[in-house]
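Let's have the full structure, built from the sequences with the hints guiding it.
Protein chains: 2
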Amino acid sequence: MKCSSISVAQSSAFLTAFELPPTGSGMLDGLCFAVKDVIDVAGWKTGCGNPTWRDSHPPAIANAVCVEQLLRAGARCVGKTISDELAFSLLGQNHFYGTPLNPQAADRVPGGSSSGSASAVACGLVDFALGTDTGGSTRVPASNCGIWGFRPSHGFISLAGVNPLAPSFDTVGILAQSADVLARVGLVLLTCAPVPASKPCKVHLIHEGFALADADVQHAMLEPVRRLRDFFGERVQELSLRDLAADKSARSFASWSDTFCVIQWAEIKSCLGAWIADAKPELGPDVAASFELANQLDRRCVAEALERREQYFRSLHDFLGLHDLLCIPTTPALSPRKGDAPARSSSGSGYYPRTSAMTSVGGIGRLPQVSLPVAHAGGVPVGLSLLARHGQDTLLLEVMKSLDQQQLCH
Amino acid sequence: MKCSSISVAQSSAFLTAFELPPTGSGMLDGLCFAVKDVIDVAGWKTGCGNPTWRDSHPPAIANAVCVEQLLRAGARCVGKTISDELAFSLLGQNHFYGTPLNPQAADRVPGGSSSGSASAVACGLVDFALGTDTGGSTRVPASNCGIWGFRPSHGFISLAGVNPLAPSFDTVGILAQSADVLARVGLVLLTCAPVPASKPCKVHLIHEGFALADADVQHAMLEPVRRLRDFFGERVQELSLRDLAADKSARSFASWSDTFCVIQWAEIKSCLGAWIADAKPELGPDVAASFELANQLDRRCVAEALERREQYFRSLHDFLGLHDLLCIPTTPALSPRKGDAPARSSSGSGYYPRTSAMTSVGGIGRLPQVSLPVAHAGGVPVGLSLLARHGQDTLLLEVMKSLDQQQLCH
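Read top to bottom, the protein sequences are chains B and V.
Just so you know, the numbering used here puts 259 at position 259 of the first sequence, and the rest follows in order with no gaps.
Just so you know, the numbering used here puts 12 at position 12 of the second sequence, and the rest follows in order with no gaps.
Because the hints were derived from the structure by calculation, they are not lab data.
The beta-carbon is built from N, C-alpha and C at its ideal position, and this holds for glycine as well.
Be careful, since some hints might not be right.
In silico DSSO-like pairs for lysine-lysine, Cα to Cα no more than 30 Å straight-line [what the hints assert, rightly or not]:
| hint | chain 1 | residue 1 | chain 2 | residue 2 |
| --- | --- | --- | --- | --- |
| 1 | B | K45 | V | K338 |
| 2 | B | K280 | V | K45 |
| 3 | V | K45 | B | K45 |
| 4 | B | K280 | V | K280 |
| 5 | B | K280 | B | K338 |
Label pairs and their in silico Cβ distance ranges [as the list claims (entries may be wrong)]:
| hint | chain 1 | residue 1 | chain 2 | residue 2 | range |
| --- | --- | --- | --- | --- | --- |
| 6 | B | E292 | V | A279 | 27 to 33 Å |
| 7 | V | F96 | B | E292 | 46 to 52 Å |
| 8 | B | G350 | V | A277 | 43 to 49 Å |
| 9 | V | D29 | B | A254 | 29 to 35 Å |
| 10 | V | D55 | B | E292 | 43 to 49 Å |
| 11 | B | D298 | V | A197 | 34 to 40 Å |
| 12 | V | Q237 | B | E292 | 39 to 45 Å |
| 13 | V | Q237 | B | P194 | 31 to 37 Å |
| 14 | V | Q10 | B | A341 | 57 to 63 Å |
| 15 | V | Q237 | B | A246 | 32 to 38 Å |
| 16 | B | G378 | V | A197 | 58 to 64 Å |
| 17 | B | A193 | V | A277 | 34 to 40 Å |
| 18 | B | E310 | V | Q237 | 30 to 36 Å |
To list a few chain B residues with every Cβ distance to chain V over 10 Å, as calculated [what the hints assert, rightly or not]:
| hint | residue |
| --- | --- |
| 19 | R72 |
| 20 | S315 |
| 21 | L395 |
What follows is the structure, encoded as C-alpha cells:
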C-alpha cells in the first residue's frame, strides 16, 4: 500500500489486501494498484460484489490478461476492491459490503460500479486501480471522487478474466491519481507507444450535454471550459447533437439513453439472467429492482435498438476527424448523498436516465473517454470529459496530459 | 426444416430440432436457420459440446441477442447444432456427440468448431446457420464443406448470450448455402443497409498465404484466381507480408500464428480454466491435450504477444485502404480424413500451426473475412478467402455477391 492519511479500514474500499509482486520491469516500475472484484486475480474468488456469486463460483486459476500486463510492466498489485453488486449500478453502495469512502465528499456516494477502486485511488492508498466501464462504471466514480478516469475504445483492452456484463459495451477502465500515471497505465494496456504531443484539430462542446447538467454543475464547468478555450483557441467550438446525427431521433439525448439502455439490459439478461433464475441469489433491493427492469424488457425491441446504435455510431464516426475531440460534463449531477439513492428508471429526468444519456455517447460511439478532475461545486468534485474517435486512445491520453501540464485541472 | 435429400439423422448435425417462429418480418422472411450449441436459445441448455458443461449450467432464459435479431427479421429457427467440445478445435469431431457429415467429402471431417452448423447448411437442411469464429471456427468448416462462411469485424455483432472463449477474437459467424443469403443475414446482424455494388480499389493476393498451401490447394486456387484477375483486372496485385508489416517479425507467418495462439490460449484459460479445474469434466482426448497446452502457457508471454498483435493490427490498418481487399486460401490443406486427426501444436509445419497462420490474419487484424466455396481438389472442397478493412463488412459482402454473380464460384 502507499502512504496515506486515510487507512485501508477507513476507506472501506478493499475486500482483500495482499501483495502480488511485479513479474517484469518497465513503464509502471514502483507503482501499486488495486483490482475491482469483477476481474480475476489467481487464487482469489472473483465475487462480483455478491456473496452468492462468490460462493457458487470457483477461485480464479489465472490472473486476468489485463492484470498480467500490469505486473509485467513493473506494477505490483495490493488487493481487490469492492464492486457494486454484479457491476449493475452507478452509485457505489453495496448492500452486503458497504459503501467505500468518497474522501472529498464523505456524505456522498463514491459512484459505481467501480466504487472500491475509485475510493482506493481517491484515498491515496494506491497509484491507480482497475475498474470496468459498461455504462459509466469508471467515468462516474472518477467524476464523483475527483480523480482521473479512462474508458478505452471498445475492443482494444483484453476482457479475458473479466466477468461479462453487456459485451457490446464492456471495457476495462482505469482510475488514477494523476494524468501521468493514467496515461502510462493506458499505454501499457493498449500496448501502444506514446505519440508526440499534438493539439487536437477541433474540440466540440456538445451543447445538449452542458444543457442537461444541473445549474451547479453547469456553473462549475464555466472556468475549466474558459481555460480550454484559452488553451486551444478557436479549435474549441460548440456543437449540437443535430450536427452529428444523420438520423432525426439522434437529435434528442433521450433517444441515446433509451438505445443504450435497451441493448445493455438485454445483454445483462443474457449474461446473468440464467444464473439469477437458477441460483436465486439474495440481492440488495436497488439491484433487485434493476434486474427486474432488465428482465421485463421486451427482447423484440433489441433489433431496433441495435439498428439505431449503429446509425448513431456511424454518424459519430463519419463526423469526428482523426484528431477531433468531443467535450461534455462527465455526469449531469453531483454525486447523490448517501442514503438518498435515486431509483433506476428508463426515462424521465431522474439521475439514471440523465446520467445514462451523458455516458451513452462513449458507449454507443465505442469512443475512448477521459474524465478530468476539473472542478468542484460547493466542495463536491465533478469531472469534465473529453472523447476521441474510436481507436484514437493515444491521442486522447496525450491531450489529457498536456491539459494537466497547462493546469486546466487545478 | 428444408427439403433435402439428406435427412437430419443422416447429417448427424443436430443436437435438438424444434420450431421457433419468427417474431417479425423483413429481409429474412421464409428462411430457416440452426444455431451452434454455444449460443443461447431460450428454454434450452447451452451445452458447448460437452456433457459436463451442459449438466452443470442452467437452461438459457433468453435468446442470444443475435438469435433475437434473426427472428425479428423474419427467419425461423429449427434447432441447435453440435459444437466441437468447448469450441476449442478446428476439426469437427466431438468425442461425445459424434462427427457431423461433410456431404461433399464423407470420408473427411467437416471442420470445426461450428461443425454441426456447417454440416446442416451443406446438407441442405437449413438456409443458413449461426456459428462462432475465434480462430477459424466458421471459416474452416465453410471451406471444408464447400459452403459460404463469414467472420465479421471484431466487435460489431453482439456476443451477448454466446459463451466466451477468447474475448479478443470471439465473433459470431455465419454459414450459408448462397452468397445472397449470407449477405442478407450479415446485413441483419450488422444492422447495416446494403451499400451500392462497387469494385474494390485493390485486391492484394498475399504471396505467403498461397505459398503456405499444399500443392493440391495451390493448384485448385489457380482457376478462381485467374477469374478474379479477369473480373478485377489490374486491381489484383501480389503482395508479400513484408509489404504490410512495419515490424520485422511480421514478415514470417509463423510469428502471426504464434502471436495469435499465445493470446488465444491465455484467454481460453481465463474463460474456461477455473471451471475445468473445479468441475473436472470428462474431455475427449484431443481437447484435453489442447487444454493442457493452454494451461502450460507461461502467462508472462502474453504482454509481449499483445504488443505484437497491436503492431500487426496497426500495420494492416494503415496499409489497407477503405476499399481494398486481401485474398488468401481459407485453409492451407484439405479437410483431414476422419480418424486421422492432426495433433494440436504451437509450431512446426503441421495442420494446426499452418491453419492458424492463415486464419490469424483476420483475427489479429480484426478484419471481416468471407470464405467462398470456389474450388475442389480431387473432389474435396476448398475455399478462397477475401478480407476487408476493419469495419468494411458491407463492402466485403457486396463484393462477394458480385463475384457470385460473375460465377467466380461455380
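For each hint, the structure was consulted:
The straight-line distance between the Cα atoms of K45 of chain B and K338 of chain V is roughly 42 Å, outside the 30 Å bound, and the hint therefore fails. Restraint check for K280 of chain B and K45 of chain V: satisfied, since their Cα atoms lie roughly 18 Å apart, inside the 30 Å limit. Among the hinted pairs, K45 of chain V with K45 of chain B is consistent with the structure: their alpha-carbon atoms are about 26 Å apart, no more than 30 Å. For the given pair, K280 of chain B sits about 25 Å from K280 of chain V by alpha-carbon distance, which is consistent with the 30 Å threshold.
Under the criterion of a C-alpha separation no larger than 30 Å, the hint pairing K280 of chain B with K338 of chain B is consistent with the structure, at around 28 Å. The beta-carbon spacing between E292 of chain B and A279 of chain V, approximately 31 Å, falls within the hinted interval of 27 to 33 Å. Here the CB-CB span from F96 of chain V to E292 of chain B is close to 38 Å, at odds with the stated 46 to 52 Å. G350 of chain B and A277 of chain V have their C-beta atoms about 44 Å apart, which keeps the hinted 43 to 49 Å range intact.
At roughly 32 Å, the beta-carbon separation of D29 of chain V and A254 of chain B lies within the given 29 to 35 Å, and the hint holds. The supplied range of 43 to 49 Å is broken by D55 of chain V and E292 of chain B, whose beta-carbon atoms lie about 29 Å from each other. A hinted range of 34 to 40 Å holds for the C-beta pair D298 of chain B and A197 of chain V, which are about 36 Å apart. Checking the proposed 39 to 45 Å range against Q237 of chain V and E292 of chain B shows it is violated: the Cβ atoms sit about 58 Å from each other.
At about 35 Å, the beta-carbon gap between Q237 of chain V and P194 of chain B stays in the expected band of 31 to 37 Å. A C-beta distance of roughly 59 Å is found between Q10 of chain V and A341 of chain B, which places it inside the suggested range of 57 to 63 Å. Range check, Q237 of chain V to A246 of chain B: about 35 Å between beta-carbon atoms, so the 32 to 38 Å window is met. For the pair G378 of chain B and A197 of chain V, the supplied restraint of 58 to 64 Å holds, since their beta-carbon distance comes to about 60 Å.
For A193 of chain B and A277 of chain V, the Cβ-Cβ distance of about 37 Å falls inside the hinted range of 34 to 40 Å, so the restraint holds. The hinted range of 30 to 36 Å is satisfied by E310 of chain B and Q237 of chain V, whose Cβ atoms lie roughly 32 Å apart. Distance check for R72 of chain B against chain V: the nearest CB is about 4 Å away, which does not clear 10 Å, and the non-interface claim fails. The claim that S315 of chain B is not at the interface with chain V holds, since no C-beta of that chain comes within 10 Å of its own (minimum 13 Å).
Every CB of chain V is more than 10 Å from the CB of L395 of chain B (nearest about 14 Å), matching its label as outside the interface.
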